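Enquirer: One letter stands for each residue in the lines below.
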Amino acid sequence: MLAVPTEQRSEKSRVICEGDVVVVYERHDRMKAVTVAKNGELQNRFGVFPHNEWMGKEFGCQVKGRNGAGFVYLLAPTPELWTLALPHRTQILYIADISFVVSFLELRPGSVVLESGTGSGSLTHSLARAVAPTGHVHTFDFHEQRANAAREDFARNGVSGVVTVKVRDIQGEGFPEELAGCVDGVFLDLPQPWLAIPSVVRSLRPDGLVCSFSPCIEQVQRTCEVLSKHQFADIRTFEVLLRSYEVRHENLSTSFECSEQTFSKEATKSPPHKRQRGEVDEKGGPESEGHAEDPNGGSKTAAGSIVKQSRPVIARPYPETKGHTGYLTFARQATCM
Amino acid sequence: MRSSNCITLGRCKTLRRIMGSEKEAEKVETKNLPNNGTMITPGCAVLLDINNGDKMTFAHLNKNASVKIGNTKCWLDALVGHPFGSVFEVQSGAKGGSFVRVSPSGADLRDGLGEKDDGEEAPGDEVKGKDNRSLIDNNTAQTLSAEDISKMRTEGVSGRAIMEALVANSATFHTKTAFSQEKYLRKKQKKYAPRVVVRRPSARSVCEAYFAKDPNKTGHLRMDMLSLILSLANVGGYAEVLVLDMLGGLLTASVAERLGGYGFVCSTYHTSKPQTIDMVRLFNFDASTSSRVVRAPASQLIAARTAASKFSTDSALQETDGEDCIPIILNEAKAVSTSPIVDLEDTPRLESEHTAKRRAQSRSDDFEPGKSIKPGRLASEEDMKRWGREGFTSLIVGAPFLDPWTVVKKLLPLLASSAPFVIYHPYLQPLAECMNKLQSERIAVALQLQEPWLREYQVLPSRTHPNMQMSSTGGWALSGIYISKT
Numbered sequence: 001m002l003a004v005p006t007e008q009r010s011e012k013s014r015v016i017c018e019g020d021v022v023v024v025y026e027r028h029d030r031m032k033a034v035t036v037a038k039n040g041e042l043q044n045r046f047g048v049f050p051h052n053e054w055m056g057k058e059f060g061c062q063v064k065g066r067n068g069a070g071f072v073y074l075l076a077p078t079p080e081l082w083t084l085a086l087p088h089r090t091q092i093l094y095i096a097d098i099s100f101v102v103s104f105l106e107l108r109p110g111s112v113v114l115e116s117g118t119g120s121g122s123l124t125h126s127l128a129r130a131v132a133p134t135g136h137v138h139t140f141d142f143h144e145q146r147a148n149a150a151r152e153d154f155a156r157n158g159v160s161g162v163v164t165v166k167v168r169d170i171q172g173e174g175f176p177e178e179l180a181g182c183v184d185g186v187f188l189d190l191p192q193p194w195l196a197i198p199s200v201v202r203s204l205r206p207d208g209l210v211c212s213f214s215p216c217i218e219q220v221q222r223t224c225e226v227l228s229k230h231q232f233a234d235i236r237t238f239e240v241l242l243r244s245y246e247v248r249h250e251n252l253s254t255s256f257e258c259s260e261q262t263f264s265k266e267a268t269k270s271p272p273h274k275r276q277r278g279e280v281d282e283k284g285g286p287e288s289e290g291h292a293e294d295p296n297g298g299s300k301t302a303a304g305s306i307v308k309q310s311r312p313v314i315a316r317p318y319p320e321t322k323g324h325t326g327y328l329t330f331a332r333q334a335t336c337m
Numbered sequence: 001m002r003s004s005n006c007i008t009l010g011r012c013k014t015l016r017r018i019m020g021s022e023k024e025a026e027k028v029e030t031k032n033l034p035n036n037g038t039m040i041t042p043g044c045a046v047l048l049d050i051n052n053g054d055k056m057t058f059a060h061l062n063k064n065a066s067v068k069i070g071n072t073k074c075w076l077d078a079l080v081g082h083p084f085g086s087v088f089e090v091q092s093g094a095k096g097g098s099f100v101r102v103s104p105s106g107a108d109l110r111d112g113l114g115e116k117d118d119g120e121e122a123p124g125d126e127v128k129g130k131d132n133r134s135l136i137d138n139n140t141a142q143t144l145s146a147e148d149i150s151k152m153r154t155e156g157v158s159g160r161a162i163m164e165a166l167v168a169n170s171a172t173f174h175t176k177t178a179f180s181q182e183k184y185l186r187k188k189q190k191k192y193a194p195r196v197v198v199r200r201p202s203a204r205s206v207c208e209a210y211f212a213k214d215p216n217k218t219g220h221l222r223m224d225m226l227s228l229i230l231s232l233a234n235v236g237g238y239a240e241v242l243v244l245d246m247l248g249g250l251l252t253a254s255v256a257e258r259l260g261g262y263g264f265v266c267s268t269y270h271t272s273k274p275q276t277i278d279m280v281r282l283f284n285f286d287a288s289t290s291s292r293v294v295r296a297p298a299s300q301l302i303a304a305r306t307a308a309s310k311f312s313t314d315s316a317l318q319e320t321d322g323e324d325c326i327p328i329i330l331n332e333a334k335a336v337s338t339s340p341i342v343d344l345e346d347t348p349r350l351e352s353e354h355t356a357k358r359r360a361q362s363r364s365d366d367f368e369p370g371k372s373i374k375p376g377r378l379a380s381e382e383d384m385k386r387w388g389r390e391g392f393t394s395l396i397v398g399a400p401f402l403d404p405w406t407v408v409k410k411l412l413p414l415l416a417s418s419a420p421f422v423i424y425h426p427y428l429q430p431l432a433e434c435m436n437k438l439q440s441e442r443i444a445v446a447l448q449l450q451e452p453w454l455r456e457y458q459v460l461p462s463r464t465h466p467n468m469q470m471s472s473t474g475g476w477a478l479s480g481i482y483i484s485k486t
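For the protein sequence lines, the chains are U and H, in the order given.
No gaps in the numbering here: position 138 of the first sequence is 138 in the UniProt record's numbering, and each next residue is one more.
No gaps in the numbering here: position 89 of the second sequence is 89 in the UniProt record's numbering, and each next residue is one more.
If you are wondering where the hints come from, they were derived from the structure by calculation, not from laboratory data.
One should not assume that every hint holds.
[What the hints assert, rightly or not] Here are the computed lysine-lysine pairs in the DSS-like style, where the Cα-Cα straight-line distance is at most 25 angstroms:
id, chain 1, residue 1, chain 2, residue 2
1, U, Lys308, H, Lys437
2, H, Lys187, U, Lys229
3, H, Lys151, H, Lys187
4, U, Lys229, H, Lys183
5, H, Lys68, H, Lys190
6, H, Lys95, H, Lys55
7, U, Lys57, H, Lys385
8, U, Lys229, H, Lys190
9, U, Lys38, U, Lys64
What you are looking at is a predicted structure, and each value in this text was computed from that prediction instead of being measured.
Here chain U stands alone, though its shape is the one from the complex (with noise of 0.2 angstroms):
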């Protein structure tokens, strides 16, 4: 999933070989990430898609489905699009969270970031991204499985070089001692961050930061008040979210007569115009969208008379959107004199 040095690329490592995640990209709201394995196969509304045939293609190609009515693309793994395909083993975070975090703690290449709890691992690989090749990620989770469902992930991924996983219950004992100064970023996704704070003082060099992420307003206070008693500076707390939009055609009638002789039954009947839809509907593959028409033909009513119309391209949110996930806590470590 990481980049490599130019010298270390080569034409292999810009096709498909065995071994390689894929993200099997259907429509966007639906990709699943599978391993390619020789003789392997994936099954799907689509068809059936035997792994031999990705072998040796480009990512970002597209291949059909065997007896099947579609096809998919093959996409190169991203931690964005891990996070939209990964299984869920706990409630994950989300890219508009993940981005904010990792901007607000300034993580760079060499940045050395501890994470708790690691969950089904959804932000500990961006945050792998961002301090990859010469940073490092120690993340703890106190549930041994999930501990090692994750690393297996991070093996799978590629990351494990920047990753290192270990089980500990951070409320309970604190992050381990040998971590203790060197610490550029801290992440808490805790019950309760506040038990963890005195650990992330001794972790944390001067000037790192910490960000503590909570469902619930009373943890925020809580938390707060004991960053307070321990001296941390601009202590912010913020709420991210994001709402997408549907983009599509739309007919918008450009017909208003209002002369008296039009004024009759026939004509002010005309029907609701039937939406011509820029998303295709689950056959025939992803979204063939927007069929380039007339932007400003004509249809037929049902009484037959061709009404003028619009089609401007419209923007409009989503109907449905999330309402929240946590809030961000952020807080730096005073410098001291």
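Based on these hints, arrange chain H on the given structure of chain U.
Expert: Same frame as chain U, now just chain H:
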């Protein structure tokens, strides 16, 4: 000369205990400074956070650099030698202002002056018997005059002493609620003992400062949008990112920061005179990171890409009937027969993991204040050939006055297959039309048009609520993954 004219000794003790010791800003030998980017060095760029975000200014700490805080001119060279994050108090005297380092304790000047919340009142209870029903705003509550105060300032009386005097001479202070007293003292502190936090400029802090104070320069790019862009564009070490940056250099610099000296950010342009990317200078990049910031005109990049694709089409025609062979074998044959083009110029950059780690450690030693490779040099022939052959690993466009589809139509083919791209625009409609075109041209998948939402909270005991002010828009981001039509 430190000035500490305390009016009452008792109060002084409390304040000294709470505030910690003051340390006069000392001039430190630059040779002895640890060079990992955490110390303020001569000539470096700093972000001055004055009075907790009231005023944010950038400054290069050159000789004789100064800043005006309130009505006081303060010399900035006193900041050198201290670590980023240090807090200073401005003390005014006859000769102008001086910076005095103070301990950044969570408590501050307000303690000891206001009435303590003794914890007997549970959160949510009414503050017994204290409200503002009898407060009349007719300017008679304070008996000290403006001349009195100004006299104290020129005499060099410390800020907290002035605050004590104001409290002592106020008829109404002790009738106020604890919250109200705190608010009053906070206001006085900002005026008479302004605090400055010296911050290290970073993508987020630079973006936030410009958004608050001069958003036109950065196309109204909000910090949550910037962080979203960096993630969507898969920016990380060894990425090769193409950027069309018309936001003063903020995009270029933010990408460079996340590359950390590995990979490239190529800032492109379409006119004969490239747009400025001066903001890169604010980031205090070391030589290694600066060397990764290059520029190239779009015309040359496109020409290199066209030339390379012609070459590969020709060689593909020469490759015979590999189609029906087992793909794995074909793959191996390819690796053997295609000899890698040895670029002698590239060889010095070849590094194993071992040398990369060593280089990272030694990189800090290379840092010489004021003597860095100027970022933004023209990309080399070799780099352009490589980008022509392989394509960039992602694309970021931030051009508020260009039509998105016009730009994207030309720049997308410069990407490698399956490379992500992000187009930022402060307006929705142009991006919607661009997305519509991309949908019909079928050169991208995973298309998303998103709008970020950001709200900050005030979290204080019994006073937690979202901030009263909020930004209503951070623009829109159109993202997707490029799939070449070949």
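Enquirer: For every hint, state whether the structure bears it out.
Expert: Against the structure, the hints:
1. Restraint check for Lys308/U and Lys437/H: satisfied, since their Cα atoms lie roughly 23 angstroms apart, inside the 25 angstroms limit.
2. The straight-line distance between the Cα atoms of Lys187/H and Lys229/U is roughly 23 angstroms, inside the 25 angstroms bound, and the hint therefore holds.
3. Taken as a hint, the Lys151/H and Lys187/H pair is honoured in the structure, with Cα atoms around 20 angstroms apart against an allowance of 25 angstroms.
4. Between the alpha carbons of Lys229/U and Lys183/H the distance comes to roughly 20 angstroms, so the proposed pair stays at or under 25 angstroms and holds.
5. Restraint check: the Cα-Cα separation between Lys68/H and Lys190/H comes to about 14 angstroms, which is no more than 25 angstroms; the hinted pair holds.
6. Of the supplied pair hints, the one linking Lys95/H and Lys55/H holds, its CA atoms being roughly 23 angstroms apart against a limit of 25 angstroms.
7. Between Lys57/U and Lys385/H the CA atoms are separated by roughly 23 angstroms; this keeps the pair inside 25 angstroms, and the hint holds.
8. In summary, the hint linking Lys229/U to Lys190/H is supported, as the alpha carbons are separated by about 23 angstroms, within the 25 angstroms threshold.
9. Only pairs whose Cα atoms come within 25 angstroms are accepted, and Lys38/U paired with Lys64/U is accepted, the gap being roughly 18 angstroms.
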